[in-house]
Each structure stands twice: as structure tokens, then as C-alpha cells.
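If you're matching them up, the sequences are chains A and B in order.
Convert by adding 1423 to the 1-based position in the first sequence; the result is the number in this note's numbering.
Convert by adding 1423 to the 1-based position in the second sequence; the result is the number in this note's numbering.
Keep in mind the hints are simulated off the structure, nothing from the lab.
One thing to keep in mind: the hints can contain errors.
The list cannot tell twin chains apart, which means a pair is met if one copy fits it or any two copies do.
[Claimed, not checked] Calculated lysine to any residue pairs in the SDA-like style (CA-CA distance at most 20 Å, straight line):
#1 LYS1886 with SER1942
#2 LYS1788 with SER1942
#3 LYS1886 with GLY1946
#4 LYS1672 with ASN1467
#5 LYS1886 with ASP2038
#6 LYS1698 with ALA1824
#7 LYS1672 with ALA1579
#8 LYS1672 with GLU1662
2 protein chains.
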Amino acid sequence: MTETISTSTTGAPRAASTDLAAETDQRAIDTLRFLAADMVQAANSGHPGMPMGAAPMAWTLWSRHLRHDPASPDWADRDRFVLSAGHGSALLYGLLHIFGYDLPEAELRRFRQVGSQTPGHPEFGHTAGVECTTGPLGQGLTMAVGMALAERMANARFPDITGHHTYAIVGDGCLMEGISHEAGSFAGHLGLGNLIVLWDDNDITIDGGVGRSCGDDQLARFAAYGWHTEAVIDGNDVEAIDAAITRAKADPRPSFIAVRTVIGFGAPGVEGTSKAHGSPLGPELLTRTKEIFGWTEPDFGVPADVRAACAAIAGRGAEARAEWDGAFAAFEAANPDAAAEWRRTHARELPRGVAEALASVPADKPRATRVASQACLNALFPVMPELVGGSADLAGSTGTAAGDPVTAGDYANRAIAFGIREFGMAAILNGMSLHGGFRVFGSTFLVFADYLRPALRLSALMKQPVIYVLTHDSIAVGEDGPTHQPVEHVESLRIIPGVQVLRPADDAETAEAWRMALSRTDGPTALILSRQNLPQLDPARHNPSATVEIVATGSEVHLAEAVAEGLRGDGYNVGVVSPLDRTRYAPSAGATRVSIEAGVTAGWDGIVDLAIGLDDFGTCGPGGEVLAHHGFTTDAVLSRVRSHLRSAEGR
Amino acid sequence: MTETISTSTTGAPRAASTDLAAETDQRAIDTLRFLAADMVQAANSGHPGMPMGAAPMAWTLWSRHLRHDPASPDWADRDRFVLSAGHGSALLYGLLHIFGYDLPEAELRRFRQVGSQTPGHPEFGHTAGVECTTGPLGQGLTMAVGMALAERMANARFPDITGHHTYAIVGDGCLMEGISHEAGSFAGHLGLGNLIVLWDDNDITIDGGVGRSCGDDQLARFAAYGWHTEAVIDGNDVEAIDAAITRAKADPRPSFIAVRTVIGFGAPGVEGTSKAHGSPLGPELLTRTKEIFGWTEPDFGVPADVRAACAAIAGRGAEARAEWDGAFAAFEAANPDAAAEWRRTHARELPRGVAEALASVPADKPRATRVASQACLNALFPVMPELVGGSADLAGSTGTAAGDPVTAGDYANRAIAFGIREFGMAAILNGMSLHGGFRVFGSTFLVFADYLRPALRLSALMKQPVIYVLTHDSIAVGEDGPTHQPVEHVESLRIIPGVQVLRPADDAETAEAWRMALSRTDGPTALILSRQNLPQLDPARHNPSATVEIVATGSEVHLAEAVAEGLRGDGYNVGVVSPLDRTRYAPSAGATRVSIEAGVTAGWDGIVDLAIGLDDFGTCGPGGEVLAHHGFTTDAVLSRVRSHLRSAEGR
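The following block holds chain A by itself, in its conformation from the complex (with noise of 0.2 Å):
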């Protein structure tokens, strides 16, 4: 693995300590300090610590080790860098301003604004160099690893045309987070020798010293999880830095550097305290510590030998990219197939052959949609190579398996253990969707969404079209009892916007569900699968003229067939509708409209007279006696919907 890395380590746009004089280096940190600084005062918002403190691990890293191209923020084999304190935006947006990305002092000067490219927290899609939406803590560290993941598989396979690192600086914030657990343990497992996480070591969060809630020792605690670790006594030293980035980069592990600062550095009164977290230092107290440090240029000024400095490095990086558009041109010469995939991948075009895959999933017996499903991926897995993914330790029992998992050192299969780690494993999908170049799909029982979903969220606003396999999703689960029955998470997910949530009821709809997942390039879905057997269905089984519509999902359509049919029997003209995704519903406005759903009825009661539902937690016993029990037979539905039918007629 070093191998490769070292393409990266020996292309990257490194300046030796020589070419910059120490006085633009402070001269530089300076300004992403005062940049920073001005654009929280002129928001009268923000975070002016963070940046103030950890400016001179940024600019290091920038200056001197991150190889990327200030023009192309797109290129694919750039280094990627992730602000997981998300917070210190005004940090980040410094840095790609002085860079020369494009984000003009205007853009900084708007600092939180509405349709500013300078939002509050980093967003991604956004502003240019934005690699991910950052915030939420804990989540941008376990994307990194994500990222770091996705370069290690890409390499595997485009190993000409692959070999970069991925940077995080981290707060305590997200070393608290449970996630920093998932994502250090899971990269230390895959030996992600191309990760290199800074933490910003302050001492301090919202509510006042670390020490009020945590005494961990982080150092030895990543040394656990079989991480390379590095302490910068001094974070403002920044040859130290330098050489603990140097030496990381040339470790085989991940490494993690405690670099010790000082939150809110040079203003007085403030600074080491947290009241430089989250509040502008206000204008009397900017000016003075401007003063202190000798800071005579205008607010959002940067020095001529700043901007030069930076110049020199873009330079380089742009250079770096046109030697690897040289590289990538042979590699294309020489490999035209393999060039036109990885095109196709980065592009997010879908192979030829997806629809037939597809339609050879057989759909001639009884059986659960997680296993039709299952079947669905192995008809996918040879015609789309790029489609990679795992399962958070339920790969058999979720009909996501995908063959033997990658492995440190080895990382050209295409299934990913995630271990039992759901909120890791969604972050780490999102980390290796922005990374580009996979499809990822990752799946749990459907109750355990809701450890994941805060990342699921992030899918969404992200527009990442991460695919989430949510099998077990209902009561039927059975035996396993209240706590792995899902009952509110079906809505749940369909109310985070932007997330596509589709439950199918066989075969033929677990194949169209893939189809639309797959389709789908601008956000999440989330595929709800039975545990259950189901039987397959009339595909020709819709009435459009019905007075009485049952509409259904899932497991509950083959309910609602045989509900229909004793309706039939009183002498209605009943239809059943089963949407795979709820808001592709049109409900038939003549018609009475019934659903029938093993979850809450939220949702389904603003669009139908009568919603069959379950408003409480299920029970432990049989699939089949716990649906019973909660009045899912043909029986117990008919009755209520004969009783309701009469009663509207007044009957």
C-alpha cells in the first residue's frame, strides 16, 4: 500500500520550508486568522475560535502537504480535505479564498448570509472545495475515513491513475461523538494508511474546560484501534507540524496528531476560554488584538506575499494536475475499456444491462423481499462493477452479501464489513459517494435506522444517492420483540426530505425498486424489505374505476388483495394500489380510500378516509400471531373497513 501512496507523496505540490519564508508562513496564518475573525464580526455570527487556534496546522497542511488544484476543485485524484469541527468554517472558506478557489472576498463579506457561498456550516455542492457538509459532530471525521476507504478501492482497481491522501482536522467535539469510536476503529481495522487526522487540540468546549466531561487519552485510545499517532506539543510550531504530517504520511496506518492549542489564540481576555467558541470577538476587541499582532492590513486583506505564497502553491497543484491529465491520457491509450468505466463511473451513468440484470431476478414463488433483494444484487454485481457496499454485521440475514469483504492491505472486493457500527457505516458511505467513482449501499434491520439517521439526513442534504438496505420492517419481525420492531421508522424516513423510501411488495417491485434506487443520482433511497415470505403478485391487479381503494405497501399489499376480494364479495368495486414510494401516490378522488400499513397511521391520514395502522410498540411471539395480534388478518381489516363503508354510507 505505501507503494502507491507514494505517487501522492511524490507529486504532491510540496514546498520545502526553504521556499516559503517563516515570515509568510506567519504572516499567512495570520490572515486565516483575521480573515476568520472578520467575517464572524461582520456576521455579528460565528465561530472565530476555532479558526484563530487551529490556522496553523491548516495552513501547513495546505501549504506544504495538501496536493490539490485550486482551479479544478473536481479533479478526481486530488487529496481530499475535510473540516469536521465544521463549526470553523470561516477557517475553511479563509483557506480556499486565499488559494484562489473561487470565492471572492464578496462571498466572505456575506458570512452567514442567505445565498451566500459562505453558509454557517460548510455545505457541500455549495462552495467550490467544499468536500463535504460538515457540522453535525463526529460525522465529517468518519466521511474521511469514508473518502480514505473509497481511494484505497479505487486504487485496487485504476491504480495509475490513483494514489491520494485524505486530511480531517477534528474537534473534541467529534473525538466525544460515539461515531469517532466507529470510524477509528473501522480504519484502523483496514490499515487506511492514507488517512491523517489533525485533532485541534484545544481544551475547550461550549460549556467550558474539556476536562468538565472527558478525560480521555486520545492518543492511546486511537493506538487501540491500531492507529500511528503523533503529539505537537505547540500549535503554532509549525516545522513540528510539518514533520508530524511528514511522518504520518509515511506511516502504513492511519495516523492521528494531537496538535495542542489554544482556542481563540492572541485575543486577550478571551482566548484558551470558551468564550472564543462561539461568539464574534466583537469590533473593540478584533481591533486590539489586531494591534497585538501588529496586523495593519485592512479587514479581509491579505498580504502580497500571502497571496504570492499562495500562487506559488496553486501553481504547483496545478501542475500536479496536468501531470496526472498525462497520466490519465496514457492509462487511456493504453486501457481504453477501463478508462471509459472509470469515466462512466465518476459520471454516475448507470451500465447497459441494469434493466435485464433486473428483470432475470425470477419471481416464481413465495419468498421475503430481503432475499429477493439479495438476488437483485447478485443479477446487479456483474454488470456494475462500481456497485460496492455491506451490511453493519447482517450482510446474510439482510440479502446484502457480496462476497468476501475487503481487508486491510487488499482492498479490491467489493464488499465492505462494516461491522456493528450503523451510524459509522452510513457516514462512511456518504465519505465514499462524495469520493466518487461507487455506487454504495449499505444495509441493517429497519429498526436500527434510527442509529443511523443522522447521517441518512446528511445523505439527503448532500444529495447523495447512498442506497440503505432496511430489511426486518414490521411487526413480522416476530420473536425478536418490541425493540427490533419497527412500528414509527417507515415514516420516520419518509419525512426527512430528500430521501426516497420505497417499500416493495414482491419480486417484481423489489427489481423496480433497485431500478429506481439506481436511477436515482441526486439523493438517498431507502429500501424497506420484509423478513417474511410474501407471495408474488398480480402485476396486472390495478383498477382504475374502484369506488372503495385500498392502498398498501409491502408486506400489507398481499393483505390487501385478499381484504379486496372479500369487498368484492359485499358487492364493491374495490381496487388495490400499491405505490412504491408514497409520494408517487395519486389518490382516486371518487373513491373511498383505505390504507393499510404495519406502522403508524401518521402520514397516511391526511390522504385516505381510513388509515389501518399501528400507533403503539409491538409485541414479542410469531411473525404471524404478533400480526394477529395487532389486527393484521383479512379478517380483523375487513371488519373495520366494512364498518367504516357502512358507516359513511350511514348505514
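Starting from the known structure of chain A, arrange chain B on it as the hints suggest.
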């Protein structure tokens, strides 16, 4: 701290290893193994492997250390035992059965059946002796941390009558979950030496060997949190387990004991593999395993010497309980007021003065409901000493400051600095509530309710009156942008069964919300509070004869009032209703109903004719501008309502 802990150490029903013959130990362990295997076989569903591997540590703990009285499972000063690896429920039921808890053989035979006392995962309130609901991994460990903290805080208040340990058995899944980091870090920081965790280190997860997904050095990791660690290399070695627990009890730090076990121990062909995890052995393999063990008892049998040994241990537990009763009587005689307070708080009865305290909160000027909530808390603290809690590092921002926090070794304060650990906070609160003697609250921003959601669900499932203070409740959060702006969150909480969701509009409603939260003793409450200032409303604003009814909650009520005023100018008879709890909203049948909430419309559209909300992510910018951007101004809403009314009237 060690001094008070020693109360329970000396008072424990400790059986010297010479008291119980080694053969009886072995038979008792095999009894637990085969009771579990028999249960799983009878149900044809469940997890035999964990109980068969972990039976020795469970037996050693329960027979030699756990201070409990099976006849009094609610004894306040009992040791707590948490089976965090809840899928091993059959082990817990076996323990409860042989030690004489109210769990007869007939219930073991009904394992995993509807209505049995032996559901698939342990469920609090369902089975005597089950301390908490487990199954969602990692949460049992974290609830154990909460129980241990509650014990220390109770000890600081009632040292004469409080001194017990909390024990937990955790599996690999618990330790991979992120929440285990939050739990471990928090417990280490607070020096919870009364907490002893045994790790069932069987090296197997559902999908295969632990090495597929994890290479953590768990002992080093917990040492990095400040824990005492022990390793038992043979999980069948009762004396080694005993010695490790004994050393753990003597150590002032929380203890983590790695016990190397073999999943499905002794079952030929499946032991040591994931096949033993989640499926019955099958009748033939079970019979063969019993033969290999020389096990001649009938199914569900308990040998006579094991029964006798358990009865003797239970007898010593009853003696310990009687001794404690004596200590309590002496305490009560000397401190009748304190004893009455103890009884009152353990009965979850509110003290006198709560209503008066809440009435004292001034409602004299516009302010945020988070600020009003802090005023309520400040008024409540003097009259409710049992009211304790804290924040996931947002005590100041969320209005939940409660003075200095508890620290390692000094647990007399009422504030808890949970750190940036939302999920851990909620599970710890569950553990504290389950322990008894306290009313607990925890706070974060509403958008981060997603991080703690799995534990909030368990609060509801276990009917624990945990109070969640969730602030910054809409896009009015403003500059922090969409990552920090809740949109779907209020509705996502409303749909969890059993959660009381209250969104007050001003000081009076905030005080009423606190009254409702405290009055509830059988389930959690979420208080949804604003970041921004809100006007004080006219309490006599209701208009029961309205033909247009505007229903709004929280921050949108004053907007609703302004809209109503505009409509009155048009000649409509308008009323505004602000249901604190939407489930208590009784729509006026005759009126045209309009809802206004700055969140998703799902859930409202079944209740009203026009639901005004936001079904997309928010935007970064100053709060007022963001509200305007998304249509939450008097003019914009008025225009939508007028248009709806006109079209409804056919104009």
C-alpha cells in the same frame, strides 16, 4: 468512595468458593447452558450461543458477588445486573429462574411467545428482576453507567442506606457501537468505581469472526478511558473470574473484565462459530451436546444441588436485604424528614410547591422559551432536590444550567456535564431513571435529537419519565444553517409511541409544559423550545365559536395570532388554538382549519384543511430572514390562507 462501596462488598451474599463445591458450580453452569438451549429449542427461535459461552461468568457473578434478594426484586439498594447483550435473554431468564425469582418453568417453556414473561429480548416492566430493556446494542452498557452514576449520586445524598454495585455483561456488538465510547469515556471521567463490566469475548459476530470487522485492543481502549482492566483467558475458569471481579470491586475505577469464551460452548460442530449465534441447535444436536456433557436432567431440569445452592444464596440475599431494612429503619428514626424524602422520590411523587414554583416564573417581556425553561428549572430546583440532569455540552444555550457538575469522587451536585455525547446522555438518563430516586432531564439542540433517538425510543418502551429539553426548534435557528435547523424533527418525535411532545409558545405555556412533564411518571417528554424571543400571549385568546380555526404550536403561535388579526379584518370569525401536545388537539368540527408550524406538514394534513409548513431543508441566514425566505411571515401566510378560504368558498 471506596469506603461507601465497601458497605455493599461486606454486605454481599458472598459464598466462599469452599462453600459451594466445584461440582455444583459446574452443574449450575451447565444448568444455565441447557435451560437456555432448551428455551431456544422450544421456541425454535433465539440465541443459544451466548448463554452457553457466558454461563460461567454469569454464574460466578450471581453466586459469589451479586447482592440481590430474589423475593424482593425492587429492593432499592440491590446490586444491578444488566445483560447488555440482550439477545442472550435466555441466560438471564435461566438465572432468574434458578435463583427463585417469580419466573416458573412454565414461562421458560413459553420463551418468545405472545404474552409470556420471557420475550425474545429482556423487557423492563415485563419480568421481575429484569433491570432494563436491552437488545439495541450498546445501550445496556450505557444504562448501566447511568445506574452506577445514580447510585453514586444517591450515596452522596443518603450515604447510610446506599451502597451497591452495577454489573453488566456486554458482547462484541456492544463494544463496536459508538455509544460504548460515550459510555466508557463518561464512566472513566466520573470514576464510577461501582461499575463492573464483563465482556463476553467470544470473537464471533453474526456475520463471522470479529476479525472480519474489528481489531481493537479493547483493554487498552478502556484503559485510555481511565478504567481498571482485567483479562480472564479461560471463560470457564470460575476461580479466575471470581478473582477478577474481586479485584475489580477493590479498585476505585470502573472495571472492564475481558473474559475469553467460546460461543455455543460444547455444541459439536457449531461451537466457536457464528452458526451458534442466532439459531436453535436443533433437537439432534441438542441431545448430542447433552450427552457429551453427561447431562441427564429432563428438559428444563434443574439439579437438586443447584436448587439448594441457589436457595442458600437467595437466603443470604434475603438476610442482606433484612440487614438493609434495619439500616433504613435506623436511618428513618434518626432522620424522619430525609427518610420521607427518600420514600417520596422513590415513589416518583412530586413535592408540594411545584405549582407555586412554576407560577413564580415571570411572563413580563418577550423571551425565548429556552430562557423561560431555564427560569422554570431555577424555580423548581429548590423544591425538587431529586431533579437532576444536564446537557450534551449545551447547558448554557439550552437553558439547562444547574450549577457545578458532579465530578469523580464528588457526586453531591445536581448538574451532569454529559459532554458532546447525545446518545450516551439519553441512555445514561434512562439508566438513572430506572435506578430510581431521581427525576432526570437532558438537553441538546432539537436537530440533534436524531443522535439520541434510539435511546428516546427505549425511554418510551420502558415507560421512563425522562425529560428531554430540545431547543433551537426550527429554521429560526438561523445562521447555523440547515445542518442545525430542525424541519422533520418535531413530527419524528411525535410518531414514536408513548412520547409526550410539548411545544410551548410563551412563558406560561413553558411552565405548563414543565408541569405536564413532571406530572407524567410513565413515559418520556420532549420539551421543544425556541432559540429566538417570543412575545407573551394573551391567555384568554381562545374563541370557541370561530369558523376559521388556526392551530399552531410554539414559535408560530404569535404568527398565527397576527394572521388571525388580518383575517378578522377581512370579516372572518377566527380563533387561534395552540395545543401544547398535538394529540390533545380537538379540532372544531364546523370550522375551516389551518395549521402553521415551521416544520414538515406530515401529521398535520390529516387534521386540518390547510397545513402550512416546510417540507424541505432550511437555509443559512439570520433567523428572521430565513423564516421570511421560507414563507413564515404574516403577509405570506395570510395570502396563502386567504387564497385557500376563497377557493373553499368557491370565490
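So, going through the hints one by one against the coordinates:
1. LYS1886 with SER1942: Within one copy only: 13 Å inside a chain, 43 Å across chains, cut-off 20 Å.
2. LYS1788 with SER1942: Neither: 27 Å inside a chain and 54 Å across chains, both beyond 20 Å.
3. LYS1886 with GLY1946: within (4 Å within a copy, 36 Å between copies)
4. LYS1672 with ASN1467: neither (39 Å within a copy, 53 Å between copies)
5. LYS1886 with ASP2038: between (31 Å within a copy, 16 Å between copies)
6. LYS1698 with ALA1824: between (50 Å within a copy, 16 Å between copies)
7. LYS1672 with ALA1579: Intra 19 Å, inter 50 Å, cutoff 20 Å: intra-copy only.
8. LYS1672 with GLU1662: For LYS1672 and GLU1662, only the intra-copy Cα distance (15 Å) is at most 20 Å; the inter-copy one is 48 Å.
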